[in-house]
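Engineer: Sequence:
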Amino acid sequence: MNNADFIDGLRNQDPAAAKHLNECFVPSVWRFVFFRVDRNAHLAEDIVAETVLQLISAAASEVAIENPGAWLRTVAARRVQDHYRAAARVQHLIEQAAQQAERTDDQDPARMHDTKLKRQCVREAMDGLPDTYRMALEWKYIEQLTVQVIAQRLDTSHKGAESILFRARNALRKRLQSEAPSPPGPQAAGSPNSQSSTDVASNPSGAPSNAPGNTPGPPGNIPDPPGKIPDQQEPSADDPRRTSMQERPTLFLSPRFARES
Numbered sequence: 599m600n601n602a603d604f605i606d607g608l609r610n611q612d613p614a615a616a617k618h619l620n621e622c623f624v625p626s627v628w629r630f631v632f633f634r635v636d637r638n639a640h641l642a643e644d645i646v647a648e649t650v651l652q653l654i655s656a657a658a659s660e661v662a663i664e665n666p667g668a669w670l671r672t673v674a675a676r677r678v679q680d681h682y683r684a685a686a687r688v689q690h691l692i693e694q695a696a697q698q699a700e701r702t703d704d705q706d707p708a709r710m711h712d713t714k715l716k717r718q719c720v721r722e723a724m725d726g727l728p729d730t731y732r733m734a735l736e737w738k739y740i741e742q743l744t745v746q747v748i749a750q751r752l753d754t755s756h757k758g759a760e761s762i763l764f765r766a767r768n769a770l771r772k773r774l775q776s777e778a779p780s781p782p783g784p785q786a787a788g789s790p791n792s793q794s795s796t797d798v799a800s801n802p803s804g805a806p807s808n809a810p811g812n813t814p815g816p817p818g819n820i821p822d823p824p825g826k827i828p829d830q831q832e833p834s835a836d837d838p839r840r841t842s843m844q845e846r847p848t849l850f851l852s853p854r855f856a857r858e859s
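First residue of the sequence shown: 599, per our numbering; consecutive thereafter.
Some hints could be false.
[What the hints assert, rightly or not] Calculated pairs, EDC-like style, for lysine to aspartate or glutamate (alpha carbon to alpha carbon, straight line, at most 16 Å): (1) LYS772 / GLU722; (2) LYS738 / GLU760; (3) LYS772 / ASP712; (4) LYS714 / ASP729; (5) LYS617 / ASP603; (6) LYS738 / ASP603; (7) LYS757 / GLU648.
The hints are simulated quantities; they were obtained by calculation from the structure and are not laboratory data.
Turn these sequences into a full structure, and let the hints guide you.
Structural biologist: As structure tokens, this is what we get:
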């Protein structure tokens, strides 16, 4: 059976084409995947199954496939890359969660209460989903079943199972967002904090408004500007400076009085 007849047989669901696929292509693709996933047989079987289903879907949709062997290897290599990318993201999340757990106290009553509330919210959101969505999410994330097994249990195709999981995740996300508490709004204008901010704006020094230094004086009582020398007061009669000041003018007579004398 040549490649063209093989693709036509898959499109027409010919048993001979299915036999040719299992005998000629599947073993080679399985070995190709097996050594790229560190000899993990279960993972290799899942990737090969997804690749074969994608080939059958492409043949049914009349996609031009000239070399089925190369096409299967290309799709299988992409599936392997997607698996390792997803595994790396999951590992990063696990390490991040472990670091956060080390920095926090798991026995903290407040933290335990918050965790309990979050789990309760998730359970209530899951209970509010349709049965198909709820079962699909439980099979995928709790029982960790493959998409192919979920498709068989739901009696649908692989693409149909992926679509159901996508819609179920979106529905669960929307329910969790709708049940999340809203953040507190801005404070009212007459609240104590707003009043205190008004007082600070009017009195930047921070001193009480009734403090002695903040008591406003009369309009005429303006302090002297910096650098102005205050008026000198006349010394009293007993002040010795008065005698010296009385004798001092004889030393500073004008020239006319000096000539007359």
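Engineer: State for each hint whether it applies.
Structural biologist: Hints versus structure:
Taking the CA atoms of LYS772 and GLU722, the gap is about 13 Å. The hint holds against a cut of 16 Å. Using a Cα cut-off of 16 Å, the hinted pair LYS738 and GLU760 holds, with the two alpha carbons roughly 11 Å apart. Of the pairs offered as hints, the one joining LYS772 and ASP712 is violated, with about 20 Å between alpha carbons and a cut-off of 16 Å exceeded. The hinted pair formed by LYS714 and ASP729 fails the criterion: a straight-line CA distance of about 24 Å is larger than 16 Å.
Annotation: proposed proximity of LYS617 to ASP603 holds, straight-line Cα distance about 13 Å (limit 16 Å). As the CA atoms of LYS738 and ASP603 are separated by approximately 37 Å, the hinted pair breaks the 16 Å bound. Restraint check: the Cα-Cα separation between LYS757 and GLU648 comes to about 10 Å, which is no more than 16 Å; the hinted pair holds.
Figure legend: structure checked against the earlier numbered hints; hints not met, in rising order: 3, 4 and 6.
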